[in-house]
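Protein chains in written order, with the numbering used here: chain A, 33 to 239; chain B, 150 to 588.
Everything labelled a hint here was simulated from the structure, so no lab data went into it. Hints should not be assumed to be uniformly reliable.
[Claimed, not checked] With a cut-off of at most 27 Å between alpha-carbon atoms, the simulated BS3-like pairs for lysine-lysine come out as follows: (1) Lys201/B x Lys426/B; (2) Lys277/B x Lys87/A; (3) Lys171/B x Lys87/A; (4) Lys216/B x Lys250/B; (5) Lys151/B x Lys170/B; (6) Lys416/B x Lys87/A; (7) Lys238/A x Lys250/B; (8) Lys69/A x Lys423/B; (9) Lys406/B x Lys96/A; (10) Lys176/A x Lys426/B; (11) Lys201/B x Lys87/A; (12) Lys185/B x Lys77/A; (13) Lys216/B x Lys72/A; (14) Lys401/B x Lys171/B; (15) Lys87/A x Lys263/B; (16) Lys87/A x Lys185/B; (17) Lys87/A x Lys426/B; (18) Lys185/B x Lys416/B; (19) Lys87/A x Lys250/B; (20) Lys423/B x Lys87/A.
[What the hints assert, rightly or not] A few chain B residues facing chain A, derived, Cβ under 8 Å: (21) Lys151; (22) Glu152; (23) Thr190.
Ideal placement from N, C-alpha and C gives every residue a C-beta, glycine not left out.
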Amino acid sequence: MMVAQGRVEVMKAGKFLMYFEGDTSVLAGVYGPAEVKVSKEIFNKATLEVILRPKIGLPGVAEKSRERLIRNTCEAVVLGALHPRTSITIVLQIISDAGSLLACCLNAACMALVDAGVPMRALFCGVTCALDADGTLVLDPTAKQEKEARAVLTFALDSVDQKLLMSTTKGLFSNAELQQCLAAAQAASQHVFRFYRESLQRRYSKS
Amino acid sequence: MKETPLSNCERRFLLRAIEEKKRLDGRQTYDYRSIKISFGTDYGCCIVELGKTRVLGQVSCELVSPKLNRATEGILFFNLELSQMAAPAFEPGRQSDLLVKLNRLLERCLRNSKCIDTESLCVVAGEKVWQIRVDLHLLNHDGNIIDAASIAAIVALCHFRRPDVSVQGDEVTLYTPEERAPVPLSIHHMPICVSFAFFQQGTFLLVDPSEREERVMDGLLVIAMNKHREICTLQSSGGIMLLNEQVLRCSKIAGVKVAEITELIQKALENDEKVRKEGGKFGFAESIANHRITAFRMEKAPVDTSDVEEKAEEIIAEAAPPPEVVSNPVLWTPGTAQIGEGIENSWGDLEDSEKEEEGGGSDEAIVLDSVRVATDVDVPSAGSRDAPIVLSDSEEEDMIILEPGKSPRKVRTQTISAKQEKAPSKKPVKKRKKKRPAN
Numbered sequence: 033m034m035v036a037q038g039r040v041e042v043m044k045a046g047k048f049l050m051y052f053e054g055d056t057s058v059l060a061g062v063y064g065p066a067e068v069k070v071s072k073e074i075f076n077k078a079t080l081e082v083i084l085r086p087k088i089g090l091p092g093v094a095e096k097s098r099e100r101l102i103r104n105t106c107e108a109v110v111l112g113a114l115h116p117r118t119s120i121t122i123v124l125q126i127i128s129d130a131g132s133l134l135a136c137c138l139n140a141a142c143m144a145l146v147d148a149g150v151p152m153r154a155l156f157c158g159v160t161c162a163l164d165a166d167g168t169l170v171l172d173p174t175a176k177q178e179k180e181a182r183a184v185l186t187f188a189l190d191s192v193d194q195k196l197l198m199s200t201t202k203g204l205f206s207n208a209e210l211q212q213c214l215a216a217a218q219a220a221s222q223h224v225f226r227f228y229r230e231s232l233q234r235r236y237s238k239s
Numbered sequence: 150m151k152e153t154p155l156s157n158c159e160r161r162f163l164l165r166a167i168e169e170k171k172r173l174d175g176r177q178t179y180d181y182r183s184i185k186i187s188f189g190t191d192y193g194c195c196i197v198e199l200g201k202t203r204v205l206g207q208v209s210c211e212l213v214s215p216k217l218n219r220a221t222e223g224i225l226f227f228n229l230e231l232s233q234m235a236a237p238a239f240e241p242g243r244q245s246d247l248l249v250k251l252n253r254l255l256e257r258c259l260r261n262s263k264c265i266d267t268e269s270l271c272v273v274a275g276e277k278v279w280q281i282r283v284d285l286h287l288l289n290h291d292g293n294i295i296d297a298a299s300i301a302a303i304v305a306l307c308h309f310r311r312p313d314v315s316v317q318g319d320e321v322t323l324y325t326p327e328e329r330a331p332v333p334l335s336i337h338h339m340p341i342c343v344s345f346a347f348f349q350q351g352t353f354l355l356v357d358p359s360e361r362e363e364r365v366m367d368g369l370l371v372i373a374m375n376k377h378r379e380i381c382t383l384q385s386s387g388g389i390m391l392l393n394e395q396v397l398r399c400s401k402i403a404g405v406k407v408a409e410i411t412e413l414i415q416k417a418l419e420n421d422e423k424v425r426k427e428g429g430k431f432g433f434a435e436s437i438a439n440h441r442i443t444a445f446r447m448e449k450a451p452v453d454t455s456d457v458e459e460k461a462e463e464i465i466a467e468a469a470p471p472p473e474v475v476s477n478p479v480l481w482t483p484g485t486a487q488i489g490e491g492i493e494n495s496w497g498d499l500e501d502s503e504k505e506e507e508g509g510g511s512d513e514a515i516v517l518d519s520v521r522v523a524t525d526v527d528v529p530s531a532g533s534r535d536a537p538i539v540l541s542d543s544e545e546e547d548m549i550i551l552e553p554g555k556s557p558r559k560v561r562t563q564t565i566s567a568k569q570e571k572a573p574s575k576k577p578v579k580k581r582k583k584k585r586p587a588n
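Produce the complete structure using the sequences and hints provided.
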C-alpha cells in the first residue's frame, strides 16, 4: 500500500488537500463552518455536506451513494454541536481512479477536515479489502484486482479504538471472512494513522 | 455561500494602481502568470495551473452511432464544470450565467475552429464513430478561467490516446491497450485563448487578469489564436467600445503570447512522452516536489496479517448466536395471524381518501418489523375496518350500504366524472370524524 500525499496552499478561505494512494488520487477541500441556507439549517448542530465529483461525465447515482457513505462517517466524528446552524462542506474531486476509491476519498476527507481545523472527536480512515476467488485477502486492491475479486469490502475505522464507523460491501463472503477482513483492516489502519501523524508533524514542524 | 462583495476602497485602489500601470502581483501589463502543466497516469489527463487558477482536464472516448446529418464525422463533446471548491460562491445551482458563457466560448474555440480532424474519428460510416468527450473541472478560481481551460483542453487532447481499431470488410476489431498501442488524435492546430481586461472605458488594458482585476474590469476581450497567427475566435463582452487599432494591437499581443504558450505545451508533452518511454515514474504524485514541507510521502508498507485468522475466529466464537429470525406467529382466528408486536398506527385520517389495509392471505410479503397480517373483509376484527375500493362508473361520491342491524358501511367509489352528488340515504348520515382518536 503506497501512500503519498501532497497538499496545496490555502485557497479561497478553504483548505485543500491532494491525497494519493498508489495511482488513485483525490483532491479534497473543506469549507466551513460557514453560512447555511435556512432550509438546511439544523438548530443544534452543523449541517455536513459532501460533494463528490467524478472525473468523467456528470455525477450520477453511484456518486450520490458514495457521498452519503462519506457523510455518515463524517457525521459520526465531527463535533457538530460546537457549531450549530452552520454548514461544513467537503468537496472531493476525483483526479484519477485506480482502485480503492472510496477509501481514498475517506482518507482525503479526514485529512482535509483536520487541516481546516474542524473539531472532531477522532480521526478516521478508509481501508478496502478484496477477496479473490480462492479466498486470499488483498488489502488496498488495484482496479484490476477489484474487478476480478469475489467480494470487495470497504471499512471506515476510527483512530481511538479502531472501531468500525462505516462498512460497505459488494459480493459474496462468509461470516468468518468478514471478521478476517475487518481484523486485517484494523491492522492496516494503523499504518494510515501513522501516515497522518507523520505528515501533520512535518507540516507543522515550522510554524 | 454568498460571494463576499468587493469593498469600494479596494476597487478604488485597484483602479488607481492600474492607472499608474501597477498590478497587485507586480506583473507588467502584458505579462502572463506562470503556467505549469502536469500530466496524470492515464492518457488524456492533465492539470494546468495559471498562477493559482487550476483546471483539471480529462479526455475520454466511446464508440457511438454518428449524428444523422453527419454520418462520417466523429462527435466532440466539451464540458467545463465549476467545482464548488473553486470558489465558495460556486454552488451547484447558482452559476449558470458564467458557466454557459465559458462553455460556449470553449466550444466555439475548439469545435468551430476544426482543430481536431473529426473525419479521422469515423470507424464505420453511418454506424460507428468515436465520441470524444473533454471534461474540464475548475479546481481553483483566481481569475482568467477561460485561458486556463482552453490550455487544459488542448493539452489533454494532444496527450490523449484512443484505442486502435481495424476494419476488415464487415468486421471491426477494437484492440485493447495491451494488444496494440493506442493511437493519438489527429490535431491540426492548437487554438489558445488570450484574455484582455479593459478598464476606464477602454483606456487601460491588462493581459491575463487575476480575480480581483476581473471584478473591477469594464469589459473583456478574448482572442483565440493558434501559433500560425490565425484567429479562431474573438469575443468582446462587457459593453466596452473598442477602436479597431486597439483590437489589432490586442491581436498582435495575442500572437506573441500564443507562440510562447504553444512552445511551453510542446515541451511539456515531449517531457512526459520521454518519461513514459523510458519507463520512469509519471503522474501527479511525481510532479509534486518532494522537499516541500507540505508534501509527505510514505512508501509501500506490508501489513502484518498473520494473527488475523485467529482474531477473527475468536470474535466469532465469542459472539452471541444470531437471534431467531422469525418468531412464532400468533393465530387469532382462522385467517388472521400476528407476528411481532407492531407499532401504533400513526396514519391519521386523510382528507378525502381512506387508507385501505391490504386484503389478502398470510402469504403476503411479510414485513419483518411486524405487521398485523389480516385476511379478507368478512372477518371483523377490533377497530373499524375499511371497506375495499369498488371501482364504478357511478356518479355518486359516497355510496352508503344500508344493512339491517349494522351501522352503515361506507363504500368508497372512485368516480370518473368530476360531479359531486350525494346519494340519498334512508338513515341520517353520521358525519365521520376526520381524525381517528388515538387508541
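**Message:** Can you confirm whether the C-alpha distance between Lys87/A and Lys250/B stays at or below 27 Å?
**Reply:** holds (22 Å)
**Prompt:** Would the pair Lys423/B and Lys87/A pass a check requiring their Cα atoms to be no farther apart than 27 Å?
**Reply:** holds (26 Å)
**Prompt:** Between Lys176/A and Lys426/B, is the straight-line Cα distance small enough, at 27 Å or below?
**Reply:** holds (23 Å)
**Straight-line alpha-carbon gap Lys277/B to Lys87/A, limit 27 Å** = Given that 27 Å is the threshold and the Cα spacing comes to 25 Å, the pair holds.
**Message:** Hinted pair, alpha-carbon criterion (27 Å max): Lys185/B, Lys77/A. Please report holds or violated.
**Reply:** Given that 27 Å is the threshold and the Cα spacing comes to 41 Å, the pair is violated.
**Asked** Straight-line Cα separation of Lys201/B and Lys426/B no greater than 27 Å?
**Response** Answer violated: Lys201/B to Lys426/B is near 31 Å, above 27 Å.
**Asked** Straight-line Cα separation of Lys171/B and Lys87/A no greater than 27 Å?
**Response** It is violated: about 39 Å lies between the C-alpha atoms, which goes past 27 Å.
**Message:** Hinted pair, alpha-carbon criterion (27 Å max): Lys151/B, Lys170/B. Please report holds or violated.
**Reply:** Violated, at roughly 32 Å.
**Request:** Decide if the proposed pair is consistent with the structure: Lys401/B and Lys171/B, CA atoms, cutoff 27 Å inclusive.
**Result:** Roughly 22 Å between the alpha carbons, so the hint for Lys401/B and Lys171/B holds.
**Asked** Can we keep the Lys151/B interface hint, with Cβ of chain A closer than 8 Å?
**Response** Interface hint status for Lys151/B: holds (7 Å vs cutoff 8 Å).
**Message:** Quick check on the hint: Glu152/B CB to chain A CB, less than 8 Å?
**Reply:** violated (11 Å)
**Asked** Does the structure keep Lys185/B and Lys416/B at a Cα separation of 27 Å or less?
**Response** Distance ~11 Å between Lys185/B and Lys416/B Cα, so the pair holds.
Against the hints set out earlier in the document, violations occur for numbers 1, 3, 5, 7, 8, 9, 12, 13 and 22.
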